[in-house]
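Trainee: Chains A and B are the protein sequences, given in the same order. If you're matching positions, the first sequence starts at 1 in the numbering used here and goes up one per residue. If you're matching positions, the second sequence starts at 1 in the numbering used here and goes up one per residue.
FYI, nobody ran anything at the bench for these hints, they're computed from the structure. Zero decoy hints are in this set.
Straight-line Cα separation of at most 27 Å, DSSO-like style, residue types lysine-lysine; simulated pairs:
hint: 1; chain 1: B; residue 1: K25; chain 2: A; residue 2: K47
hint: 2; chain 1: A; residue 1: K11; chain 2: A; residue 2: K51
hint: 3; chain 1: A; residue 1: K51; chain 2: B; residue 2: K170
hint: 4; chain 1: B; residue 1: K11; chain 2: A; residue 2: K47
hint: 5; chain 1: B; residue 1: K149; chain 2: B; residue 2: K11
Keep in mind it's a predicted model, so treat the numbers as computed, not measured.
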Amino acid sequence: MLEARARSQLKNLTDWNELYFRLSTSDFKDRRWHADQFGRQPLSDIKRALKYLDKHDVAKHNVQSVATAKLGTMVAGMMGGKKSKIKPEDFLPFDTKALKRDSGISDESLIVFQRLMKTRKMDGRVIALLADDLKAFSGRNQEQ
Amino acid sequence: MSKYSFLLQTKAEEYFELLPGVRLKKYGGWLVAEAIEQEEISKLQSQATIRAVQLAKRIASDKGIQLDEAFGLLQGGGGSITEAELLSEYTEETLSMITSGSSVESTNARMVTAFIRSRGQGMIDDEWQDLTDWELEDTKTLPRKAIAKVVEFIAEEQNAETQEAMAAKKATKRNSPQ
Chain A
1 MLEARARSQL KNLTDWNELY FRLSTSDFKD RRWHADQFGR QPLSDIKRAL KYLDKHDVAK
61 HNVQSVATAK LGTMVAGMMG GKKSKIKPED FLPFDTKALK RDSGISDESL IVFQRLMKTR
121 KMDGRVIALL ADDLKAFSGR NQEQ
Chain B
1 MSKYSFLLQT KAEEYFELLP GVRLKKYGGW LVAEAIEQEE ISKLQSQATI RAVQLAKRIA
61 SDKGIQLDEA FGLLQGGGGS ITEAELLSEY TEETLSMITS GSSVESTNAR MVTAFIRSRG
121 QGMIDDEWQD LTDWELEDTK TLPRKAIAKV VEFIAEEQNA ETQEAMAAKK ATKRNSPQ
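With the rest of the complex left out, here is chain A (with noise of 0.2 Å):
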């Protein structure tokens, strides 16, 4: 038990040069990443920092296929017809609906305020400015 609980604590060691080498070769060289700095930043900052890097990556990365997810939309609407659904966000290497999900209205409030809608009568503006987070939540339902 004893050795079980040590050889586990060992695997579970952070592995700081990776986080170093994440933080220090992202695009906003700052200087906080350092090696002369980074032994002194705060570990809520590197929290921070990693997260907000991994939304920044794929919505990079994202941003750099737009041009030829289009392409690839035209040339599926040639193919397809008119009545080819296929849009550029398709083609993206990230899921943007995946990211909605994470950044924008929980599923859980879309699913209240769908039971709201069921229930009583609400009002009309709501509704428009929740209408698009409402259509991809249907499609994330639908596609499940």
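Add chain B to chain A, keeping to what the hints say.
Mentor: This is chain B only, laid out in the frame that chain A set:
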């Protein structure tokens, strides 16, 4: 809004006064260098534990005794075998265990050194200067009371970070409807 409003909003830096000429900056959490030092210590302790368990297992099987008893022997608890016998039979393993094991004092000294090196400031030539070259040898010259105060400060900083994380978690839960 005034273009200088950010100056008014800036939070003043807080310090923990260790000695009249030495202070530590408060961050409300640990810094990277401090966390690395802590993990290094924890790594050494885990390795020492593994070594001790393996030696205890070997003694138990060689001598035909219970593992608990073998542990007791390693801790100098007496029993059927004397310490001298144990040392002569398992010289290499026992010595390596003794040298690799770290006491509470040495662990504290390492952590105190890391904290002073990464956030400590000293009054040198009438101005506060960073103590980035503070060494373990310097920590050894600190009075015991000062070491205890830093150890308390280390725990406070860790608690502050944990509490902040918990508050953030609660706020997220509160903001997202069930």
